Each structure stands twice: as C-alpha cells, then as structure tokens.
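Asker: This is what each chain is made of:
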Amino acid sequence: MVEYGDIRVVYRGGSKINFRKPVISNDSRFLLCASGESVKVFSSVTEECVHELRGHTGQVTGVLLRPSNHLQVYSCSTDGTVRLWDFTDGILVRVKNEKGTFRTLVVKQVCVFVFAELFQLVAVNLPQTPDQLVEARDLSAVLSDVSSNPSTIAFGRGGEYLASVNNLKMEIYFFKKNKSYRFEPFNGGKNTFTCIACHPKDDCVATGHDDGKIRLWRNFKQKKEYTYSTLHWHHSAVSSLCFTPEGTNLLSGGVESVLVQWRYNQENQKDFLPRLGAAITHVTVSPDGALFSTSHSDNKITIIQSCVKVSAVIQGLVKGENVTTGLLVDPRSKALVLNGRPGHLQFYSLQRDKLLFHLDIVQQEYIHEAGLEQFEVVRAAFDASGLWLATVEERKQKSAELELNLKLWSFDEQTQSFVLNTTVSAPHEARITAMCFSQAADSQTTTLVSASRDGHFKAWQLGLPAHTDGTQEYEGPSWSCDFVGAYHGLVPRCCCFSADGSLLAVGFQEVVTVWNPTSWELLTTLSQPPGDVRNLCFGQLSCSKYLLGSNNKKMVCCWNLLTCSLEWSTSMDVSLLLVDSRSENMAAFCCQDGSTDLFVFKPSEPRPLFSQKAVCSGRVIHAVFTPREVMLESSEESSQWLNRSQLYFLTEFMDLLTFSTKAEEEKLMASSKQLVIDDTVAMTPFYLLLGKHRHEHLGNEESAERTPLPQSSVAIKELLQTPAHVLPATSFLCSMFAKSLLISVTETSRRVGHRFNLNNSDSDSNSSFRFRFFEDMTCFTRAS
Amino acid sequence: MASFKPTQIPDLPKLGEKITEDTLYWKNYKAPVQIKEFGAVSNIDFSPVSPHNFAVTAFTRIHIYGPFSQEPVKTFTRFKDTAYCGRFRSDGQLLVAGCEDSVVRLYDVGGKAALRMYKGHTKAVHVADFTTGRYQILTASDDYTCRLWDIPNAVELTAYQEHTDYVRCGVTSKLNRDLFITGSYDHTLRVFDSRTEKSVMTMDHGQPVESLLLYPSEGLLVSAGGRYVKVWDLLKGGQPLVSLKNHHKTVTCLALNSSGQRLLSASLDRHVKVYNTTNYKVVHNFDYAAAILSLGLAPDDESIVVGMTNSILSIKHRKNLEEPKETSKPRRRPSYRVFMKGKNFVPKQDDYFVSKPARQHLAKYDKQLKRFNVSKALDTALEAWLRRKKPEVTVAVIKELDRRGTLKNALAGRDEEQLSRLLCFVIGNFFDTRFTPVLATTAEIVLDIYQCVIGQSAVIDRHLIHLQKLLEKEIYYQKDLMEILGMLDTMFAFSLLRKESVDQIMFKSKMIKYEPKQPFIVKLTTN
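Protein sequences, first through last, are from chains A and B.
Heads up: the first sequence at position 127 corresponds to 127 in full-length UniProt numbering, and the numbers run straight through without jumps.
Heads up: the second sequence at position 103 corresponds to 103 in full-length UniProt numbering, and the numbers run straight through without jumps.
Derived from the structure by calculation, the hints contain no laboratory data.
This structure is a prediction, so every number in the text was calculated from the model and none was measured.
Incorrect hints may appear among the rest.
Stated by the list, open to error - In silico DSS-like links for lysine-lysine, alpha-carbon gap of 30 angstroms or less:
| no. | chain 1 | residue 1 | chain 2 | residue 2 |
| --- | --- | --- | --- | --- |
| 1 | A | 309 | B | 390 |
| 2 | A | 190 | A | 169 |
| 3 | A | 309 | B | 356 |
| 4 | B | 390 | A | 396 |
| 5 | B | 370 | A | 270 |
| 6 | A | 309 | B | 343 |
| 7 | A | 398 | B | 370 |
| 8 | B | 348 | A | 190 |
| 9 | B | 348 | A | 309 |
| 10 | A | 309 | B | 341 |
| 11 | B | 364 | A | 396 |
| 12 | B | 5 | A | 309 |
| 13 | B | 343 | A | 270 |
| 14 | A | 396 | B | 348 |
If we strip away everything but chain A, and leave its shape as in the complex, we get (with noise of 0.2 angstroms):
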C-alpha cells in the first residue's frame, strides 16, 4: 500500500471543555479552560474564544492562575510539561521538562502536582531562571494515595493545610507542622467521599458524599475530637462543591443540575438555580466573587452572575454515549448536526469550532432519573435545499409497546430556525431503520422516504395547502403518507434516492428494489446474493447511472442502472459507504481487526484514488463529507478528492476527526499567526468588520494627544489674548482657527513609528506593562 505522506488524521473541534474546573481571571473578564490539547481564554461577557494557547502535546489536565502574577497562568499535561502562560496575549512564558504525566495541578506558593502513575501528590519548586525550559528536579513527596479526581484535594486557609479525600478516608496536611491527620469516620456504605472544599478564613472543611449529603468538618486539629454537621439536599451524589471569597456561601452542585448556595453557619437557608440544563460537575468562583461558573456534563460553561442570573453559556460539541442520528451536514449553514442534550439536535459549526445552536425536537420537560426510558431522536435528515429537517423520536418502554414521532420542521426564514410543521405519531409499527429525502433540488414536491422493520416503507409528501376560507384560520401545508410500499415481506435496511430524484433504491434484506417516486411502480429489482444489503449508494455527477451496495458478506457491488447489470463486484467487508456530493469520489470505510481502513475512489472504476489503512483504532460508527467554504487547489492526485469536501468521522470512542493535508495545515498555522486581536474585545464577525476601522481611528487620536498644545501657535494666541468685543466675526475667524490645528502629514507619520519602536525593543521584560498601555488606548477612544 502506498503511504500517502502529506495526508494525516487529525483532531479538529469538538473536543471537551468540562473536563477540568475552569479558572476565572482576577478582573472577571476571562474564563480559562483546559480543552484537549489546548487551553481556551474565553470571554465571560461575549462568551466568544478570544486565544487559544497551543503548544501542549498531550491533553492538558489542569489551568491554574500564577499566584503571584494574576495575568498568568499555570497548565499541565499528559505530556509531562507544564506550562507558564501569559494569557491576555496568549504567549508561552516557561516550559518546564517533567517525567512522568500530570493528572492534574493545584498551586500554592510553589506549585504542587499529582503524579498520575503513583497517584501522589508531589511538590514542585520551580526554580528562577529566565530561561525558557526548565527541567524541573526537585520534586518531593507530600501525599500518597490520593484520588485522581483534582476536586479531592483543596488548600485551606491561604495555603495554612491541604486537605484530601479518597474513597472514605479524608487526609490533612499541616504545612507548618509538617503532619498530617488521617479521618476514617465511615465504615462503609454509600459514604464515600465525592469532593472537597475548604473554608477560606475559618478553620472549616466541606466534604460532599455518594449519598447526596454535605458534611462540615470543623476542629481538626486534632485527631481525636473533631465534630462535623451534615446538610442534604441533593438527592444523589454531590460532584461539586464551593465556597465564596469571603466565605459566606458555600456552593454545591450534582446531577440535579441544580446550583445551590447553602449560607455559611445559616445552613437552613439555600438559594437553588434551577434547570441548568445537565448535571453540574463542576463549581468555581471568581476571586472577587461576583461571577459563578458552573461545568455540565453535556460539555458546558455557565456563567452566572451572583447565584441569580445565568449570563453566558460556552457550549462545546456534545457527545453523548451514542449518535444514533449519524452525522449530518445542514445544507444551509454548513454545520454539523447530531444528537446533543438528551431530545435535542446540536447544530456545530465545524469552521469556527463554536456550537451554533441546540434545537428542541421532544420538546418534553427532561426529568433526571435512573432508569426512566427517555424519547430520544433516532434519526434525522435534511433535503437538499435545508428547508426541511425530519426528526424521528423514540422511547421503548419494557413493557408498553415502542413510541415513535416522526416530526417535520421547515426553516422559518425570519427567525432562522426550525419550525414545527408536521407530527406524525407511530409513522411506522416497528423501528425506523432508514430515512432519506428525494435529493433533487430544483423539484416541485419534496418526497420524504422511511423504511421500518415493520417490513414496509412509506412516502410522505408535503400536502397541498388545507382548503381555506374566510372563516377558518389559515392552516398551511403539512405532510401526509403518499404511498406504502413493501416486497414479499422482506424489512427494508437502507434506501436512497438517485441525484436528480428521478430513482428511488431501497434494500430489502439481499435484494434491492428500484422505484419511480412518481408513480411509484417497481421498476426493477437487482441482487448480489449472499448477504443483506447494508448500504446504498447512487453516483454522482458523471457517475449517476451508478448504484453502489455493500452487504454484509464482504461485497461491494455496482450496478449500471441502464443496462440494469453488474458493472463490477469487489471484496470488502464495508461497513461504511458514502458519498460525496460535490464530486464523484465516494468513500468506504473496512473494519478489520480492530482497526479501520479507508478507501476513496469512483464508482466509474474499481480501483481507489486514496487508500489509509489503520485511519484508527476500533470501528468508525459514522462519517460525512462536509463542503469546503474555500476549494482547496491541490494538484496531487492523492489529495484531490479533499479539494472540494472535507470528511469528518466518528469513531466508537467518540472522537471527531477528520483529513488534513499538509498544505491546508500550513495555511492554518499562518492565519493563527496573523490573528491579533485586541484583549479587550472579543474577536466577534461585527468586530472584525469595525476593530479595523477603530484601530486606524485610534492611531489618529493617539498623534493628535501627541502634537504639541496648538496654543503656541500665533493665530491661537491672538484668539485667546485679544478682548472679546474687539474681534472680527467668528465666522471669519473659524477657517483661520481650523487651519491652524492642522499638522503636516510627514511629522506625525514619524512620531508614530518610533513611539512603535520603542514599544517592541522591551517587549519580552514586562508583559504588564503592555497590559496597561493598551489600557491607555482604550481609555483613549472611551474619551474621544
């Protein structure tokens, strides 16, 4: 096989932002968060990504801010490294060479690490140098045996003990006594602790538990005679718990997805933020108080403003245990849409790495509880002009017989959504195996085909509209079944309608049956036994005369629909087949031993234009080829097929990847380059078409405060100086005054340019100093 050198998979979006507590920065403005192999500075306003700081090669396990310097950040990673970063600018300080992995980071004066193959806690001193990379060697033990989870493991009292919890023993580790008290109060039972925070003026522990309960700890210092008081309200295990700055509330969050605010020594009275949207996992503070962010499990950030209001939500890509709708491509906004929140569709812009939407299709209060069959939406797809969207929703109860909603929405073009049109309750008696649209754009009527277990598929059309009168109110179009159709009982597995909408392919187990979606006559029937039919594809473009199937005995057919004959015949155990609708190339992915082969090629020939094998590890469940926004110009013909499309595909451990060729890579690298952005606002579309402007107005300003005061000119003195009443008129001496505000042009281009020098000649010693000279500027265009 030929290895194809400049093509490479990658990660590319959608990677987790609740994985570590996020950090907020001192002034409020920004949240940081560890998200893949990055740290993410987002704006707590605007809830736009404003840097992303690269440069780890492992996945980042933990942000902390610099005690010492609030502009800075710590993070760790998998790596081995951690990392000093200036992160309103988004440059890397320090580096620092470590053995081992990280798990995760807590910082006091000196930083202090968990050690991820031991689990123990180690503390770093990070020597003062100026250099760049530092190799770290002092390293000493403080703790052995603590939890992996970061949120076990909390600093008390400015840095006075560390306290740790693991399964049920709680450890706390005196710094100045340099002892350490173990706390084994449960025998067992659904005690175990979950988390811990430390009071930040009083001598005061919280620990939540498995069981739903917080517990306050108080007198510790000896080993002996230490009380605790018990608070419960959540009703299973708390995952997250909080206290304020000052210490006057403590914050808790679990599964509920309820934030609740118990106050400090007033226990009885709480504060609840309901409906968050997904289970909390993590709680933080912002160091002055007035901001809370909560992490959900469904890959969120909340932002709320003082336990009341929920300001700004940073969603990231949401994946849940299974995409049972596969991936699609809005045709409309070019995002990537699958299952997100339990009953919802997610709706991700894969250009801007950004979630755009979530649409509601249960539309049904989401009630949390174990073993409560949800409605969950099992397929989906889109016609070719994305004005229609088909929504397939189930929910299987043991005993009761199986729900299923087929629901249609059409784009409402003034809200820019998806709107309810059409409900359709039990479309079908059993399972929804397949669903497609009629492809052809330009159409009259769009033809919705779903095929089901039940051993029929169905036609739904979009109806004419109600017959209307005066009296009645206006009821517009909605769908209703055009046509049932079955073949000697077989269950449907897959079906496909031809590019011009003109065919209609749907396989019935071993045999495939071609029919006209006008009259819907069976035109022909074609079959390769053995084995049933898994995919179905028609050509594209110059390919369309072709009909491409995969079975599940290891056979990839292709039929000429004009001779109705087998053009050609392969094996290969398909389990994906797809095609591309911007060009002929279409692509198969083979599973074998564990690992996936893919290959891309065109239905005219049997022979692959590109070929990977071992793309990854284990099954790829799902896969899609999205339109490129800017066409790609390469001229190798192994690259090709990625001019026009990208293919992005999901494998069985959930991870989005995609193809990238070195070209495109590099071009990426040179944008992130160019991309400078002004930190205090957010990089927004309506700022990109208006920060230019503001940056040449600014300049201006900024030479105009510099010129010399104009009152030393001659025309300014006589102005001021000569008594009003035996002036000329002022209108007279207005172009005169105008005049002399005037500066040349040659001056002020001079001034500019060395003030700029100087600028960068120190910018490497002091990073805060350019903090406040931006502030300046800022204040500057505030005034002007």
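Starting from the known structure of chain A, arrange chain B on it as the hints suggest.
Answerer: The following block gives chain B in isolation, referenced to the frame of chain A:
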C-alpha cells in the same frame, strides 16, 4: 436559561366531516317545522313576487303557505282527483295545475273557483307551466303529448307527439317565450320551439327523466332520472357535461340556490345533496325521515321546503344572524389609561434599568407537575370542565405522567369518588382511537392497583363491568373488520390479477390494509 417546558397537548386530527364554509352555511337553519298534508307532497312552487308564498300540491289539494305561517293562507280544493304541479305565473297572480283527470285548471290566486279549464289531454297531466310570454300554458301528460294553450280563450295552440312514454317533467325558458324542454320516461329530453313543428334538440338521459332544471343563464340544463343527475350544455348542441351518481335511489327533484353556485338534488333515498356547480362535488348533505318527492328553495335561501311520501311537509327557516348578538353585552374593560400607565415613559440617560423577568404562564396541571405533585396534577387534569370539553388535555397529562414513570403513584391512593370519576373518563374515551393506547395502560394500572379492593364498592364494580362489556364488543367489531379486510384483499387480488405482476398485488393489498381504520371503528361504536 431553560424554563419549565409545559406538557405538550397534541394537535389531534379531528374525526368526522370537515367544517367548510358550506357546512356552516347549510347548517345555519332552524329546526324544521313539520306540517301534515293529506297525501304525498308532489310539488312545491314559490311565488316569484314578495312575500314569496309557496304552493304545495298534495293529493287533491293545493295549499298556499305564507313565508312564516304554519297554516295555509289559501286552499284550492276543487279537484276531482289527485292534483299535480301547481305553479305560479311570473307575476304571482295566476296558478295553474294539472290533474289525474286530464283537465288543466287555472286559478286566480285570490279567487276560489277555477278561472279556466283546459280539456284536451286524454290522460293524467303531470306538467303544467306558464311560458314567459305570460299568455300561454305548457302542459305535458301521460298520453305522451305536450301542448300549448292560449290562456284567455282556453284554446289548444300546438300539440307535440314526439315522446314515446309518459312525460313527467318540463320546464319553460325564462329568456325566450317560445322555448321549452320536456323530459319523459322514454329516457329523452326534448327541446321544443313553438315556432317550429318538431323538436329542435334531443338528448338521451339513459333513465326515465323525473325532473328538469335550467340554469338562470339557460346555457346549461340539469336533468334527473334514475340515480343519475346529468348536466347538459345546450349551447354546444346538448353535449353531456357531467354525470353525477351520488344517490342510491331515484332522484326526484332539483333546485338551485339563490346565487346559482349550488345545486340541490332530492331523492327517494331520503337525502338532499348540495353540489358545488363549479366542480360538481357534494359539499353538504341533508337527511330526512322519508323518501323525498319535492323540494323548494325560497329566494335568498331563506327557507328549504321538502315534501315527502309520508305526506309530511318539512320547512326549515334560516337562522337570523342578528339575534344572538343583542343578547351578549360587551364586557366592561379597564380604561385605556390603565394599560398605558407608565408605558410611554422615556428613560433618562443615566437611569438604571431594573428589568423584570417575564413570568411564564403555566396551566394548573403544569404547575403541579413542575412541583412533582403527580397526584394533584392528575386531579387538576380530571376536573369536570377539562374532562368533558378537552379530553385530549387530560390524556396528555396522563401520558406525561407515564413518561415520567410516576403514573402508578398518581393513580394509587384514591377513594371511591375519585376512582369512579377516573373510570368514567376512561370508559368515555376508551374507544377514541387517538386515546386508546394511553387509556389502555391507565386501565391496566388501575386494575393492578385496586384488584384487592374489587367487590367492596358497588359503584366501582359497575364501572368495571361496563368497561369489560365495552371491550368485548370492541373486540367483536375488530374481528368483523378484519374479516371484511380479508374479503377485500381477495377481491382486489382477483381484479388485479390480469393486469399486473404478482409482486404488485402484494403491496396493493397491503396498501388497503393501511387505509385508516379509525372512521370505521368510530362509526360502529357510536351506532
């Protein structure tokens, strides 16, 4: 942030006939006034002049009724035998009628005795009408002839002997005084011009013709005979335009409404059907108690008069639209000032805004659901008003409780009264196909929970026995329906055998199976 999502009340498809403008229009009549006549009512004719009295020909009498009277204002009784076809002249002054004894009589509407008698026919005269010239009478008789008479002299002007069977209907043109059309039991319609000696046009209806109707424009002719109503285009030389077969017995009478947009046909099958004259689809249907012989529509559709074989005359008057408006007083509302209070306040530059969050309005049951009070939520959903007027809401709440897995908790712990209310609801809506799946699980859970106390309360036992009987009945119906489906399957398979391949038979017959069964079931259970 996400707020509480209220329970979804599904927009269920409405069963039964669709409400259209036509149904609203034709249902807007009062309950019929029924008058017993002496025999079968064979003809109804409205006077063309106000106050639009109508002549009702029944047995040996002709009664003239006023528009609102229930007693005849005038009666003509001087017939020796059964009278036929009492019709007004265009000025409403004269009335002509045929008779079984072959004599045609002319009356003054004010007088009593016949003004003239026209003798010449040899058999019963079933058709008599004035021509547009006002001085001639057209008659047609069972002696196969039709004749024109001069009114003042009582002289026969012309006789046409072209029909070969009884002539039972005829109509004169309103635009041309020489033109008239007759229909006969020999299946033909003939157009005559009194200036020529022969018929000018002949059309074959195919059935004995019972009734004729000319459109106001006189371009189209409608004929009724047998089960068919046919429309002919006279301007195209009598070309058939449409043939309607919506009745299952002989159509006896035709009428047009005042606007000419709707055609009415009455039949011996006890129905009056209303057609749209643009597409000839049935838009409405009236049911009557007996076979209908005659039908009349007052000008402006003020009343529909129907005469039946059981000698009942049924008069339906139009509802007056102004009446209900006067009774309901407009509710006093708060003044404009109250609503506008503070709305037009313009904030100053440095004012601090205190925004008030918009409160979400929730229905009573949703409020209880939000608090997880499942039993109370079910109670509120079972309130009398909701239960009767909007069963879909109650069912939606039960479904929501089931989805939350708390239906069992909500149903448990109820006393006799509450349980009987619940069972009443279940029984009342069990066979509404839209609700059956939900209510079946409800009934199952109720039986599970309360099986230990069955027999302790007479009321509950009665309900349960009732439910059981209903279920048995329903199962019986369903079985019957399945049998019918099986029969249909074989019939379709047989009819398709010659044309199409075996594959297609299979799915065609499947298609029939997927025709919605609901309307069938509902009809059967209500009968």
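Asker: Determine for every hint whether it applies to the structure shown.
Answerer: Hints, one by one, checked against the model:
| no. | hint | result |
| --- | --- | --- |
| 1 | A:309 with B:390 | violated (37 angstroms) |
| 2 | A:190 with A:169 | holds (13 angstroms) |
| 3 | A:309 with B:356 | holds (12 angstroms) |
| 4 | B:390 with A:396 | holds (28 angstroms) |
| 5 | B:370 with A:270 | holds (19 angstroms) |
| 6 | A:309 with B:343 | holds (25 angstroms) |
| 7 | A:398 with B:370 | holds (26 angstroms) |
| 8 | B:348 with A:190 | violated (59 angstroms) |
| 9 | B:348 with A:309 | holds (25 angstroms) |
| 10 | A:309 with B:341 | holds (28 angstroms) |
| 11 | B:364 with A:396 | holds (29 angstroms) |
| 12 | B:5 with A:309 | holds (19 angstroms) |
| 13 | B:343 with A:270 | violated (36 angstroms) |
| 14 | A:396 with B:348 | violated (58 angstroms) |
Hint compliance for this structure: hints 1, 8, 13 and 14 are not met, and every other hint is.
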